[in-house]
Amino acid sequence: MTVPFSYNIRNLVVRKTTTVMTAFGIALSVAILVASLALVNGLRTVFANTSNPLQLLVLRKGGNSELGSTVSIEDFAIVRSKAGIAVDRSGQPLTSQELVNVVNLPSLDNPKGMNVTVRGLSPVGIEMRKVRLVAGRWFQPGQREVVVGKAMAHRYPSARIAHRIRFGKGDWEIVGVMDGGQSALNSEMWGDFNQISADYNQQDSSSSVLIRATDPVSLDALKHSIEDDPRLNASTMTESDYYQSQTASGAPLEFLGIFVAVIMAIGSGFATTNIMYAAVARRGKEIGTLKALGFSEGSILLSFLSESVLLAALGGVLGCLIALPLNWVTTGVGSMVSFSEIAFRFHVGIAALSSGLIFAVVLGAAGGALPARAAAKKEILIALREA
Amino acid sequence: MASYLPLILRNILRNRRRTGFTVASVAVSICLVGVLFALTRALFFGGETTPGQAKRVVVHHKIALTQDLPVGYEQTIQKIPGVRAVTSLRWFGGSYKDPGDPKNRFAQFAIEPKTLFEVYPEFHIRQSERDTFVSQKAACVASRALAEKLGWKPGERITLVGGMLRATLELTLAGIFDPPPSDTSSVLYFNRDYLRDSLLPGDPRRDMVQQFYVEADNKDAVSEINHQIDDTFAESPYPTKSEPEEAFMLSFVSFLGNLKLFLAAICGAVTFTLLLITTNMLSMSVRERTREVGILKTLGFSDGEILGMVVGEATLIAVAGGLVGSILAGGLCTAIASAMRSAPGFVSVVPGLSLSPLVAALTVCLALLIGFVSSIAPGVYAARTSIVETLQYNG
Amino acid sequence: MDIVIETRKLSKDYMRDENPVAALKDVDLQVACGEFLALMGPSGSGKSTLLHLIAAMDRASNGEVLVLGQDLRALNNRQLARWRNAHIGFVFQAFNLIPVLTALENVMLPLKLTGLDAKEQLEHATTALELVGLRDRLHHFPRQLSGGQEQRVAIARAIVTDPDFILADEPTGNLDAASANDVLTLLAALNNGYGKTILMVTHDPHAAHYAKSTRYLEKGVLLPEGQAPQDWMANSTSAPLPSRWVALSETRPGPQ
Numbered sequence: 029m030t031v032p033f034s035y036n037i038r039n040l041v042v043r044k045t046t047t048v049m050t051a052f053g054i055a056l057s058v059a060i061l062v063a064s065l066a067l068v069n070g071l072r073t074v075f076a077n078t079s080n081p082l083q084l085l086v087l088r089k090g091g092n093s094e095l096g097s098t099v100s101i102e103d104f105a106i107v108r109s110k111a112g113i114a115v116d117r118s119g120q121p122l123t124s125q126e127l128v129n130v131v132n133l134p135s136l137d138n139p140k141g142m143n144v145t146v147r148g149l150s151p152v153g154i155e156m157r158k159v160r161l162v163a164g165r166w167f168q169p170g171q172r173e174v175v176v177g178k179a180m181a182h183r184y185p186s187a188r189i190a191h192r193i194r195f196g197k198g199d200w201e202i203v204g205v206m207d208g209g210q211s212a213l214n215s216e217m218w219g220d221f222n223q224i225s226a227d228y229n230q231q232d233s234s235s236s237v238l239i240r241a242t243d244p245v246s247l248d249a250l251k252h253s254i255e256d257d258p259r260l261n262a263s264t265m266t267e268s269d270y271y272q273s274q275t276a277s278g279a280p281l282e283f284l285g286i287f288v289a290v291i292m293a294i295g296s297g298f299a300t301t302n303i304m305y306a307a308v309a310r311r312g313k314e315i316g317t318l319k320a321l322g323f324s325e326g327s328i329l330l331s332f333l334s335e336s337v338l339l340a341a342l343g344g345v346l347g348c349l350i351a352l353p354l355n356w357v358t359t360g361v362g363s364m365v366s367f368s369e370i371a372f373r374f375h376v377g378i379a380a381l382s383s384g385l386i387f388a389v390v391l392g393a394a395g396g397a398l399p400a401r402a403a404a405k406k407e408i409l410i411a412l413r414e415a
Numbered sequence: 124m125a126s127y128l129p130l131i132l133r134n135i136l137r138n139r140r141r142t143g144f145t146v147a148s149v150a151v152s153i154c155l156v157g158v159l160f161a162l163t164r165a166l167f168f169g170g171e172t173t174p175g176q177a178k179r180v181v182v183h184h185k186i187a188l189t190q191d192l193p194v195g196y197e198q199t200i201q202k203i204p205g206v207r208a209v210t211s212l213r214w215f216g217g218s219y220k221d222p223g224d225p226k227n228r229f230a231q232f233a234i235e236p237k238t239l240f241e242v243y244p245e246f247h248i249r250q251s252e253r254d255t256f257v258s259q260k261a262a263c264v265a266s267r268a269l270a271e272k273l274g275w276k277p278g279e280r281i282t283l284v285g286g287m288l289r290a291t292l293e294l295t296l297a298g299i300f301d302p303p304p305s306d307t308s309s310v311l312y313f314n315r316d317y318l319r320d321s322l323l324p325g326d327p328r329r330d331m332v333q334q335f336y337v338e339a340d341n342k343d344a345v346s347e348i349n350h351q352i353d354d355t356f357a358e359s360p361y362p363t364k365s366e367p368e369e370a371f372m373l374s375f376v377s378f379l380g381n382l383k384l385f386l387a388a389i390c391g392a393v394t395f396t397l398l399l400i401t402t403n404m405l406s407m408s409v410r411e412r413t414r415e416v417g418i419l420k421t422l423g424f425s426d427g428e429i430l431g432m433v434v435g436e437a438t439l440i441a442v443a444g445g446l447v448g449s450i451l452a453g454g455l456c457t458a459i460a461s462a463m464r465s466a467p468g469f470v471s472v473v474p475g476l477s478l479s480p481l482v483a484a485l486t487v488c489l490a491l492l493i494g495f496v497s498s499i500a501p502g503v504y505a506a507r508t509s510i511v512e513t514l515q516y517n518g
Numbered sequence: 096m097d098i099v100i101e102t103r104k105l106s107k108d109y110m111r112d113e114n115p116v117a118a119l120k121d122v123d124l125q126v127a128c129g130e131f132l133a134l135m136g137p138s139g140s141g142k143s144t145l146l147h148l149i150a151a152m153d154r155a156s157n158g159e160v161l162v163l164g165q166d167l168r169a170l171n172n173r174q175l176a177r178w179r180n181a182h183i184g185f186v187f188q189a190f191n192l193i194p195v196l197t198a199l200e201n202v203m204l205p206l207k208l209t210g211l212d213a214k215e216q217l218e219h220a221t222t223a224l225e226l227v228g229l230r231d232r233l234h235h236f237p238r239q240l241s242g243g244q245e246q247r248v249a250i251a252r253a254i255v256t257d258p259d260f261i262l263a264d265e266p267t268g269n270l271d272a273a274s275a276n277d278v279l280t281l282l283a284a285l286n287n288g289y290g291k292t293i294l295m296v297t298h299d300p301h302a303a304h305y306a307k308s309t310r311y312l313e314k315g316v317l318l319p320e321g322q323a324p325q326d327w328m329a330n331s332t333s334a335p336l337p338s339r340w341v342a343l344s345e346t347r348p349g350p351q
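Protein sequence lines correspond, in order, to chains A, B and C.
Positions 29 to 415 (the working numbering) are the ones given, in order, by the first sequence.
Positions 124 to 518 (the working numbering) are the ones given, in order, by the second sequence.
Positions 96 to 351 (the working numbering) are the ones given, in order, by the third sequence.
Hints are supplied without guarantee of correctness; some may be wrong.
[Stated by the list, open to error] In the PhoX-like style, the derived pairs of lysine-lysine whose C-alpha atoms are separated by at most 20 Å in a straight line are: (1) A:K197 with B:K364; (2) B:K185 with A:K89; (3) A:K251 with A:K110; (4) B:K185 with A:K197; (5) B:K226 with A:K89.
I should point out that these hints are in silico values taken from the structure, not numbers from a laboratory.
Based on the provided sequences and hints, a complete structural model is requested.
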């Protein structure tokens, strides 16, 4: 049997200024931890939403990025003729050859300029993705026209309909805005494949080819058939793997965040230790009385430890509340694969919140351990004599 | 106030465990602030710029790094007053052996061997190796870090299969160069003429490069050279953007995300937490001494003197924490810098992280300020409480 | 008659400034069941030390204590804690109520260690508080009670587990005369009406009058039954010290 929990709660309430201040200190380190986890979560969501599990990306042999890859027209023809590729309503195989490059544009976060992916594709490429036009119209073949993603339109002042952006060999007019949901496509800019390859002097090749398999079994077969084809010098990645690997772009920020949160927590842990030592000192006579009433060392240890954990958990909850509004914040990080910026929204999910709470509880337990032990080990006679 | 120092010290030492934990708590947070300050300085204020770096300019396509510039720009740039040397660079991005193994990924640049070491005087290489590199078309040189990582010795045969550029290069390692210690990147340089000859005759990229590195006569000429280059090519089909090498390196930092905001938010949070912690500790010890404050007052100490003692106590504790913290920060910076050395990608762009005396002084000052600010509320409480109240107070 | 507490040749030495001081010398004491014994003696006579040894809060230098026939030295800390909960009720000079708990919660506290369920705990605690006359103060916090009421809550807490005996250490030391009478009457009633064995340490002869018998300690030695130290008795005929202080303070000129 243990000392009632209300004893700890009331004691925290009695010294409310101290409690709130200590909890607040813990809250800030929890908030930073939750924010870091939410950042990576948001990034993961974006990349997960970008891919279709049945789609395969064909790159040059050993390639791991569209930007550094090239697939020739001949190779495209071979890939296109493979069995197991899904077809659209008109019977055309769902294969899209795409040219990818980057353009440096000033953004809200980086007025000095940030890279944006420009993707040249044909209508089948659009059909293969979950995007819809939210403003304007699609680009016309043979025209220097582009459609920008919704996130890009928000973050880049120059990405507005009717504005012109210079890249390749001329000025490109923005004719529409597309929405690909919470996906990386929202950070891209799309134009006509032929026009873009002409502007980049790459008429005979594309960066990558996207194909859709009819079912998971043919996806696997296609993968092997392409990689083992001696005529092709190509490797494949499922679209999911390709985008998943880009989640690592958030790693430096995540690392920094966790590093900071842990160091802050050590500082807050020391503060908690101090607060709990003071509590033990102030309540010496109470500890003696509890012992005289028959409470064992274990119950007293547990009581003070739970008070410290409760204090930290309060900070944890507070920290989660502080981090929660991040759910409505959009930011961007550079992907090391696409060499361009991906916009995403923080995602403060259950996992991030519970990690924050567990973090706080561990902090409380660690910070309260020594004082709780001191309380339990107090000699009953000495404790009773304390003021 | 100096005459009260013994009393202040006595108060600080009265509860050594508490003082210890408070100092530790301040030290840990100040250490964090110190590291963040050092990081901010390294990322946004260029850290330590080497004299060589200060004289260098990077020229690339205005639209994107990945777009090409004609190799002929080299002659035009060479003629601009203040330019000592120019070298060009093209990213090859080929694969070596099994590209699935991250160990086999490294930067490969096609350059002009004669001018490379002129523009980069801080790259040290044996003269004999340098001569081989210049004279043999299929020769290449590797940075010490790369050669050690892959166990290469001069004479090693290296095959690179092109990606964007359709060419297979059969290279021979001519030598290994040593960059300055802070630069630990894995880089391979090879002759641009060899690449040119390996590309198909009709390939428009045969005579295109991606960047020019320009060495100025002195660092004061850099900004004028930047303008001159960009103005010269502004109206051509291939407009350029020239920037000091340092600024160019920093532009990669934006890839990490909105770091400035992130760092500012964290520094704010840490400082605020510190204020909370010190105020809390101080309030606690002042409250416990309420009776004594009353006694001091009956003995004739003025409210101002009592306030001064509390402020002095807080400041001393905070400065002690600040000193310990900045020593910790110095160590942590060195540790992070050496850990970063092996880190992949843009993280290795982070130049040598170190706690400069200025940053150390700044963090200690911050600690002092925090000590001072946090003592105000408890100090005023102690000064304001009437004697009767304080003497009636039971711990 | 059953013997509740028995000490045999009990001695306690402790060090004060590197000099050994004998707090108790060969004390042989027997407390029978149903007894209300007052243990008297001036400050430093060793009466509190004896109480602490009986409760196994302290270790004797020599001799043994048998409580309910058991030698408590054989128990470990945890067993000892449980044993106290089951067999002893404590009443302290400074009441020692937990300030953040209400009267009822304070009284329920020792019941947390028993097998009683929540409802039974509540019933027992309420009954105990009713017994000490505080039926209408169940939900008051200690600071909302007078000193006498606080001590009565403490007594309720001491009896709520129905212990074999009550140890009271200067229970009236912090109380005014009227409250002291209330508390002592209550203890006497518990002894008379409910047969509770009580061992009370006090230095106030008035308090000792409520007990059935009184034993005296002088410089660590327990005087034989019926014998009291001469000078102590002489002193006790005059007014007790605290009221002299009161008289002193009343003769002082007031602020006006």
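> Which of the listed hints are broken here?
Replying inline: 2
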